[in-house]
Structures are given as C-alpha cells and as structure tokens.
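Generate coordinates for the entire structure from the input sequences, incorporating the hints supplied.
Just so you know, the sequences run in chain order A, B and C.
Every position in the first sequence, counted from 1, becomes a number in this note's numbering once 7 is added.
Every position in the second sequence, counted from 1, becomes a number in this note's numbering once 965 is added.
Every position in the third sequence, counted from 1, becomes a number in this note's numbering once 8 is added.
Keep in mind that the hints are not guaranteed to be accurate.
[What the hints assert, rightly or not] Keeping only pairs whose Cα atoms sit at most 27 Å apart, straight-line, the calculated BS3-like set for lysine-lysine is:
(1) B:K1060 <-> C:K111
(2) B:K1060 <-> B:K1176
(3) A:K186 <-> A:K119
(4) C:K114 <-> B:K1060
(5) A:K119 <-> C:K114
If you are wondering where the hints come from, they were derived from the structure by calculation, not from laboratory data.
Bear in mind that the values here come from a model prediction, so they are computed numbers and not experimental data.
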Amino acid sequence: MISAHRLTKRFGGFTAVDSIDVEVRRGEAFGFLGPNGAGKSSTMRMIGCVSPPSDGSLRILGLDPARDGPAIRARLGVVPQRDTLDEELTVRENILVYGRYFGLSRAHVRAKADELLEFAQLTDRADSVVEPLSGGMKRRLTIARSLVNDPELLLLDEPTTGLDPQARHVLWDRLFRLKRSGVTLVLTTHYMDEAEQLCDRLVVMDGGRIVAEGSPRELIALHATREVLELRFAADDHAPYAAKLTDLAQRVEVLPDRLLLYTDDGDATAAAVQRRGLAPLSVLARRSTLEDVFLHLTGRTLVD
Amino acid sequence: MATTHAQPREGRMAGRAFAYWLTNYRRVWQGTIISGFLGPLFFLAAMGFGLGSLVDGGGLGAPGYVEFIAPGILAAQAMQTAVGESTFPVMGALKWQRQYHAMLAAPLGVADLVLGHVAFVAMRVAITSVAFAVVAVALGAITSWWVLLAVPAAILTGLAFTTPVFAFAARQDNDAGFNVLFRFIVMPMFLFSGTFFPVEQLPGVLEAVAKVTPLWHGVELCRSLVLGTATAAGSLGHVAHLALWAVGGLWLAFASFRKRLVA
Amino acid sequence: MSAVAAVARALPIPAGAGLARALIERNARAFRHGWITLVSGVFEPIFYLFSLGVGLGALIGDVDAGGGRMVEYAAYVAPAMMAAAAMNGAVFDSTFNLFFKLKYAKLYDSVLATPLGPRDVAVGEIGWALLRGLLYSTTFLVVAAAAGVVHSWWSLLALPAASLIGLAFAAVGMSVTTYLRSWQDFDYIQLALLPMFLFSATFYPLSTYDESIRWIVQATPLYHGVAMIRDLMLGDVAWGILAHVAYLAVMGVVGLLFAAHRIERLLLR
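Next up, the structure:
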C-alpha cells in the first residue's frame, strides 16, 4: 500500500523527516509512534499527497504522489490531527459536500451519508450545525467524513488526542470494525495503549528518524524486559539506592520519586531487594508496556 | 477574616478596562489611521472637490459643495468609526478572544467593562474626528473657528451609535447580524441622512424618516456650527436627541451585557 | 458548470481534478445558512444609485458623459455603481472570505485531502464569486432599468462585463490574500480600493481632472471597468471598448495563474 524509501522532508534548514524506510501492507494497521516533533505528521502529510517529499522515493497504492496526487487522494481517507470540519455546514452536509469533492454522484453521497451517520452514532444530530458538538462527536464526524469515498487506506493523525476515555473507546471500536472490513489503517499516536490496542505493526520515530520497528510484542521483547519493578523509598534522592541495586536488574532508571528496575521476574527481584536490607515504602511489579519501550527509546526529557 | 480590603465598587474601575484597550491599540494603530482618517479624506477630496465642481454649477447656493459636505463627512465618519469599533471588537471580546471574561474574573464588574470599552471607542472617534477636522481646515473645506465645537459634536454623534450598537452586538451569536446592521442601517444613513445632499431632496416620507436618525442630527449639528447657521435652541435640540440615544443605548448595553455575561 | 471544469483543467498548474464545481456547490450550501448576507449585498449599489443619482442628481443636472454627450446624472453614475459593486463584491469574497477560510476555518486543509487541487480551489472560489456577482449585477440592472437610467439594449452586455470586472479583481484579490498575515492588513486593501472607487471617473467625468494627472486615473483597472459598462449602458459602443476588455481580461488571467500558484505554495508544503 505504502512504500517509502529514504523518504525525507526538509523545511528550510530543518529536517523534519530524515531518510526513513517504511512498508505498509494491505489490510494491516500500522502505527507511527513518537513524541511531539518526531516527524509523524510530516510523514502523514507526505503520504496524504499534500506535501511533496524533499528527497527519497514514495509510492502509494503503487502510484507516484508527485504525478498522480489526485488519483491517489481519491482512494485515501484522511483524518487530520486537528478537526477541519466545515463549521458553516450541518453535520450531514459535511459528509455530503465532502463526498462531492470526490466527484461522487449526489444520490450516492446521500445514501452514503445516512450510512456513515449511523456508523458514527450521529444520526440524531444530522441536521445540527457543527460548532456545538462535543470533541468526541466532532472526531467521529471527521472519521465518518473520511470514509465517504470508501477509502482503501485510511490515514489517522492522532485520532484520539484530547478526547475523554469514553469517547476514545467508542472510536477504537469504530476503527476495529473498519480494520475487520479490510481497510488499511495508518495512524500516528503518542498513546501507548492506543498503539497496543490498534496496531499490528509500528515504528517509533524520534527526531525525524525511525528508532525501532516491529509489532508491539516484538518491541517490548526487544527493547524492554518482561517486567518492571517500581520502588519508592522514603528519601528525596533515589540515586544512592540505584547504585546499590544495579546488579539486580538489567537496567535501573532513576526518576524523581521512584526507581524502575527492568527485570524478567519482578517478584524475584523484589525479594532480592528485601534481602539487601533495603525497605522501600512501596513495591510494584508489573508487566512491561510499550510506554517503557517508548520512553527508553525517545528519552524522558520534554522535547517541545 | 480579620482584615478587610476597601472593596472597589463596580463602575469605578472602568479605567482599568480602558487601559487594557489602550494597550491593545498601541499595537495596531497604524492600520486604523488608514481606515479612520484617509478614508474620509478621500471622500472629501472626491465628493467635495471633484463632484463639487459639478454641483456648484447647479444649485446649493451660497456655501460651496465642499464646505457643505465637510461637516457632513465629519459626522458620518464618527458614526462609521463608532459602529466599526462596537461590532467585531465587542463580539471578539465576548466570544473569540474572550477578554471580557478575563476582566470579570478580575475584580471588574459588567459596568466597568462596558464603560471602559465605550470610553475607548469614544477616544478612537475623537482621534479620527480631530485628524479629519485638521485636514479639512488645512484644505479650506472648513473655515470657521466653530469647528472647535463641531469636533465634540462629532464625538457625541459617535457615542449615540456606540452604546446602542454595543447592546446589539452583545445579543448576537455570530456576525451575520452585523451585515444587516452595516447594509440596512449604517449604509443608508450614510447615504440619505443629509451628508451628501439636504434631506429636503428626499420624498416627504423618507425625509421624515431621515430626520429621526441620529446621524441627521449629528450632521445638522456639525454643519450648522461650522457654517455659522446654528441657533442655540436648534443645537440644544440636536444635542438632546443624540444624548438620548447615547444614554438609552448605555442602559440597553448594561442589560445586554449582564444577560450575556453574568446571567 | 462544465465551463468551470474546462477552465480548471486548462490551467498549467499541477494537482487538480477539474472538480472546482464541488467547491462552488459547497459555498452555495454554506450560504443557505447565511442567506441574509448574500441578499443584503444586493442593496448596496442600489442605495448608492438612489442617493447619488436621485438625491444628489437633482442638484447637478446633466453631465458630459464623454464626447460632449449630456446625460442626466443618475444615468451617468449608475454604470459606475454597477462596476464598483462588481469590484467590491469580488474583492470582499476573494480577500475577507478567503482569508477566513484559509487561516481560521482551515477549509482547504480538508479540501486538499480529496482529489481537488490548488487550481480547483482557485477556480472554484473565483467561480463562486462570479456567480454571486452576477446575482448582484442582474438585480442592479433590473432596478436601474426600472428607474429609467438604462438607455440601450447594449446594457445586457453589461452583465458579462461586470463578471469580467469581478474576475479581474477576484483573481488579484486572491493573490494578495495569500500574502496577508492578520486582519489588520485588510486596512491596506481598503487603502487601495477606496481611492479607486472614488477617483476612477465613477462620480464625475475624467475631464474634471487636470490633463496632467488623467493618465493615473486611466491606469487603474476600475476606470476601465466603469468606462466599459458606461459605454454599454449608454449605448455608446465603439471598437475602443475592446481595450477595456483586454485590460481586464489580462489582469484576470494573470491573476488567476498567480493565485493558483500561490495557493499551492501556501497549502502544499
């Protein structure tokens, strides 16, 4: 579906995307993970054919975006990071008008709009204007709108950022259904639970480069241990404790309020800590998550 | 609580709201010079001197057309500045940038923010009126010292529009109403309330309508002052009419703002 | 509508699907909700016509419409109001409205995610501005005819002529809009428009000006628009009118190409 080779995007002297290789296969859900400014959105805009690559090659649906932009976009659905709904129109008209942008017939778009309003659970708001809708409703409408042309490939840029937990779960449910019906999903996110829920495969981007690639499970196996032990001590500075524990774990990370010990068996490590005569205030052994991988790969410092 | 602060009373802190708008204005004044000052100047040149050359052959009699039209434009530009400053900026402060909400979160009350903002609009009207009067005098379109009273008359004309439009703007959900205001109220007044020709030229009914508009009173007041045809009774009548609009509008504005912001 | 698609296809700007009409359809729908704005635009030139033509006209009497031909002032000023309305409407649509869509509503961000390209946006928006302008100029012509200030069947050609004025100004207005940074910049557009509106032989004949500055007036596009429509409405048609047409046509085509190019630069980064 997507084949990028040494894909690069520069804005003046700033390199937003730095020579990345990506292959996305038909029917899979593929994720771009990364902190803000990692180059995810720039990559998505290039894939969406609204941003010409500065370098490298890019093929989408077997076509060249530079030459066949309109033809490619006719087969894509795009959910941008910020909702770009048409606030001068009603909910239904947003879908109708968008369908007309694809050159679809009025009759077809009318029928399609009813179907999509149902899908997005917006049927009873169909004739409301867009402005008073909640964030979750607007997001669902944006997704419904992006499906008006029955896209083969759906691009979602941070689909659930800024939504409350209920709204996120409704959206995930809708995306699952799409995936099951054979639509290829490409999404960016900085929510690890979202990536674990939705993505078959993903890449982690940082500073415009790809720093890891694989399924969520593979990434955890490769870049984290099976479990993580979290220890809190009654002290302001946890660093001295870390020094005493380095040999008990594959890696020890010092946070302001706790220590993280990366280990394959959390309980065994906890017992070993006790045997050293150290008495943490609290002990928590948990499974590693993609978040551990992510923070390990992209660092804990704020990048904004 | 052991200590008590002297509580500032609502209505006494309008100066703080005024100061905000003034600070804001420092960043954008260049653009407003163009729209508020060069605009009327162009009108004066085109209508007064250009068109005047046609009119003076025809029929207004004693004063030349440029002397006739200059005080009219003085009053009309006061109206336009006032309406312009009382529509989008008010809606912006209510809805888009929400400065009013920020002020209300401070100790200011509704009366403070209305009075402060109205005072700022009056200042904007004053600046453009003075600037226009200076140019009109320099070009010989106004030749009387009475211009010194015509400028405050123009500011009063502006106020007669500012407060009712504040009340109107605070009741709008979006800017569609402003289009109606501009096109069906302001523009016809500009064209038919005596700025460009005496309202006596209009058919009887329209003449009567024109004579109840605040702009006609503003135009007549300014014109009679600078042409030396003013009478004390007539002028006081115009002033009273304009003041009525300004005060009535203020009362309505308070009500509208309370309804919108604190009710 | 297929003419619109043909124009969109013919432009040598990449990325577009000839779907400009979809954008026109979108604007028409949007205006169903804001119809009062659309309708209110009809009245402005009519108010001007009656204020100047009827109110002021009584003070003025007949005016030399060029070549010593005397006409009543209302008949002199009506074509100018029609031309100026075409200019103002086109500029308003292509600057104020376009800026809003570009910067705030982010309308084109979603439009360009579809097969539509920059040239569809340019052609669609200008096409809409022209349709809207046609509504205004038609109403104006009907009112002017009813008021008895239309003197010739040539006046029917004033409708396409007004569209040509609209095209020229919309195209340039759109190009300018792509450079604007904030609402404050609109004051500068006013600075260009108002003198043109007032001084382009709209309200009084070119002969009012001193010989030495007439060429400045004659260089402005509105002068050509006014002169063109005045010739048509007064039935004073000669080959010279083609010069006005050519001036505005060149301005429109060059402006359109440049606008599409600028929109591409702005949106496809």
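Cross-check of the supplied hints:
1. B:K1060 <-> C:K111: Status holds; Cα separation ~18 Å.
2. B:K1060 <-> B:K1176: violated, 36 Å
3. A:K186 <-> A:K119: holds, 19 Å
4. C:K114 <-> B:K1060: holds, 19 Å
5. A:K119 <-> C:K114: holds, 24 Å
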